[in-house]
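Chain order of the listed sequences is A and B. Here this note's numbering runs 30 ahead of the position in the first sequence, where the first position is 1. Here this note's numbering runs 30 ahead of the position in the second sequence, where the first position is 1.
Among the clues, some could well be false.
One copy or two, it doesn't matter: identical chains are merged, so the pair holds either way.
Stated by the list, open to error - Okay, derived cross-link-like pairs now, EDC-like style, lysine to aspartate or glutamate, Cα gap no bigger than 20 Å in a straight line:
{"#": "1", "residue 1": "Lys264", "residue 2": "Asp462"}
{"#": "2", "residue 1": "Lys143", "residue 2": "Glu186"}
{"#": "3", "residue 1": "Lys411", "residue 2": "Glu57"}
{"#": "4", "residue 1": "Lys87", "residue 2": "Asp54"}
{"#": "5", "residue 1": "Lys238", "residue 2": "Glu446"}
None of these hints come from the bench; they were simulated from the model.
Protein chains: 2
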Amino acid sequence: MSKALPTRSENYSEWYNELVKRADLAENSPVRGCMVIKPYGYSIWEKMQRALDDMFKETGHTNAYFPLFIPKSYLSKEASHVEGFAKECAVVTHYRLKNDPDGKGVIVDPDAKLEEELIVRPTSETVIWSTYKNWIQSYRDLPLLINQWANVVRWEMRTRLFLRTAEFLWQEGHTAHATAQEAIAETKQMLEVYAQFAEEWMAVPVIKGVKTANERFAGAEDTYCIEAMMQDGKALQAGTSHFLGQNFANAFDVKFQDKEGKLDYVWGTSWGVSTRLMGALIMAHSDDAGLVLPPKLAPIQVVIVPIYRNDEQLAQISEKVAEITKDLKKLGISVKYDSSDNAKPGFKFAEYELKGVPVRLAMGGRDLENGTVEVARRDTKTKETVSVAGIAAYVQNLLNDIQESIYKKALTFREENTYKVDSFEEFNNILDTKGGFVLAHWDGTSETEEKIKEETKATIRCIPLNQEAEEGVCIYSGKPSKGRVVFARAY
Amino acid sequence: MSKALPTRSENYSEWYNELVKRADLAENSPVRGCMVIKPYGYSIWEKMQRALDDMFKETGHTNAYFPLFIPKSYLSKEASHVEGFAKECAVVTHYRLKNDPDGKGVIVDPDAKLEEELIVRPTSETVIWSTYKNWIQSYRDLPLLINQWANVVRWEMRTRLFLRTAEFLWQEGHTAHATAQEAIAETKQMLEVYAQFAEEWMAVPVIKGVKTANERFAGAEDTYCIEAMMQDGKALQAGTSHFLGQNFANAFDVKFQDKEGKLDYVWGTSWGVSTRLMGALIMAHSDDAGLVLPPKLAPIQVVIVPIYRNDEQLAQISEKVAEITKDLKKLGISVKYDSSDNAKPGFKFAEYELKGVPVRLAMGGRDLENGTVEVARRDTKTKETVSVAGIAAYVQNLLNDIQESIYKKALTFREENTYKVDSFEEFNNILDTKGGFVLAHWDGTSETEEKIKEETKATIRCIPLNQEAEEGVCIYSGKPSKGRVVFARAY
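Okay, chain A solo, but in the shape it has when bound (with noise of 0.2 Å):
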């Protein structure tokens, strides 16, 4: 732990790395792609599990659970949806292992080779309408509106922890509707549901936009997705909503009769966030210190670290501390108290900033005799001595300010590098000096969006939902455009 970490401006990628590893978020596991979330890192991510299952069931979305196996027929039977994940996933093709009869070890037995390979769930599009096509013939039974919290598996080659991973834990949502109205309603309302979710929970503001063609979920119509700028000026793709069409329905053959008795393929939309929202979330808000959580998403809000010189002083530290511990819990805010005697408070104090605890109390003799507590906010690194008496009450209020201040303060880095450009010229001078979000017209072709990804690695993260009307011409092709969109280099 003496080490410090790589800082963000030495090395903004190592930096990522280290963190994840020390804060105790995750590591590599021995299985190539796949890791371990480990304890502390499980419980933000069950925390985000919590608030959004809450958000779903309040819109009306019920959980369920459909079979981690695919049968390769079914990942065939939508064209571009096969198109998009054969080239990356885990295939079983055996039921059993048998000792090597040459050695100690266990073998795979050729006598056990399946008839048909199954395919390790990328997304379950596929097996869920497969089970729809029998759960729907009516528009009684209409809308239907489940979600699935699950592991996924996509053979990624090159893997970061928690960004892109083979193995990840996900939820996705799988909606079927009467009309395509009603389905594109349902996409957008998931996606409004992961913007706030983003920003008030997360404190990370987001771009909502709907992606280009070629950045469309594989099978769908329409993709939706929320962005989010990380400290390095590159976005990240944080939760997308897609309007799937009848494209599922009609690969699946799932009719359903209408009022008037007319059959009818059925609309569907899905809709996802992963492990991934842990990178956006260190990214967003962490520094050279470590982790900066906010309140919200924190397993511990306040941490509490006594300075004594004895034992006696610990007994009457510890005293005060139950009380105010007590007080803090009365307001539903979790607290830890570190009395433990095999570190000083120094290396304390650093590994709850590694570990970004929004607020530390510490309390010393001083303290005592004066009836204070001093009080340091995470993400400022500031200190205040406070009053013991009212505490709970002032800790509760610092928490929801710290949540505002850095959802406030991600929001004004994301404006100071967003760039309104009108020249290819600029573009690639911004974004080889600053990076950022780069706003500027494009002419709408695919042609197009490729070349200037081949010469700049940035993309077209998003074509705005609040895009202004704008004449103007593509900085690539010169042809004439309505709006702006949004480029950046991305995760």
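Using the hints, position chain B against chain A.
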């Protein structure tokens, strides 16, 4: 929905299968042996998860997440472990599909063969202990108290919804300790947690005991279990807690330095319950009309059905119901008001009986006049007319009473179907004519146990923890025994 369920006495097995499907709990998926857990079934599982998770956290455990895949060589590191799991596992051999040059579909890409095959986890001791090696150096790192909620796969050939499926959901606790005593204490503590959950939440009485060597978990020194009796007299193992000794620490070289600086292998435990508990819950209480759910796990605790002649009357009833609902919700009771016009009250009654809603309120014209409501309890199928004044408190008491009653009913059933038997003839006779639990003397050898199993299909469910000392002779071999064990045919 019109066809009645098969009755339990007609065909218990068919009754179970049909009930699971018709009550919308689960169904078979297109993937062999894997189930779809439907929203209603999943909402019961969520309640189980929440209650168990709270109990795990209260006893000092935290959640984490480990990879889905286990390298083949890891599985082999503990000899009896691989023996136990190699014969029924899903094996990933490739990581890519490609277009079939001869057709429209996709085939496994032979160029994308993994160097080492990966096993889809049947349980996670191996991958977790390989990780613990890096987490544990000193006694200060112990105990390590971690739980994981996950899906696992065991390639069962004969599957039944919830009871035995290729993929199932579960939690698996994996703890590491400095001494054998501590690890044994943890093993027993978690058995107590499981027993408490089964009895207080599921209303299922259980016998706590130790498995014989034959029935032990592959890799454990001792397996503790809770055993429940189903309504057909068969036993169902509802949870297990394993003392692993130093077996996995040995296999993965996990050592720690104690306070004196001496190196020793770490002591381990693991413990789990799964979606199998859903099977136990269903089979323990339900009747020929459908599910009977304990109120603590019922997704809907109270359903209210209006009985009306016209819209005006419906409006009056709905107004009254809104008040009742508000009062019930204040007490934390979950309520559904079903005023849908697509089914007659009688049909709705049958539907909610099928789904096991513990309390049904019905309100009609006469109730409006009299200020009453009809209260029906699902478990006893009795009805009463009760004054609306104070109805919320009345229902709350009733829910508590139902929770207790169905536990007592199940306990009485178990007691009435438990037999002390002193000869093998009587043993056979009881099993064939009555079923249930048979308490009999056994000589303590695996040989005798296996012969009894071959001849009677009954296994030793456990050596009960509260076994009374009693001199006797083995019903099979006539050799001496010092106490009775629990025999039964089992799921």
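A quick look at each hint next to the structure:
no.: 1; hint: Lys264 - Asp462; result: within (12 Å within a copy, 71 Å between copies)
no.: 2; hint: Lys143 - Glu186; result: between (26 Å within a copy, 15 Å between copies)
no.: 3; hint: Lys411 - Glu57; result: neither (28 Å within a copy, 55 Å between copies)
no.: 4; hint: Lys87 - Asp54; result: between (31 Å within a copy, 19 Å between copies)
no.: 5; hint: Lys238 - Glu446; result: within (18 Å within a copy, 64 Å between copies)
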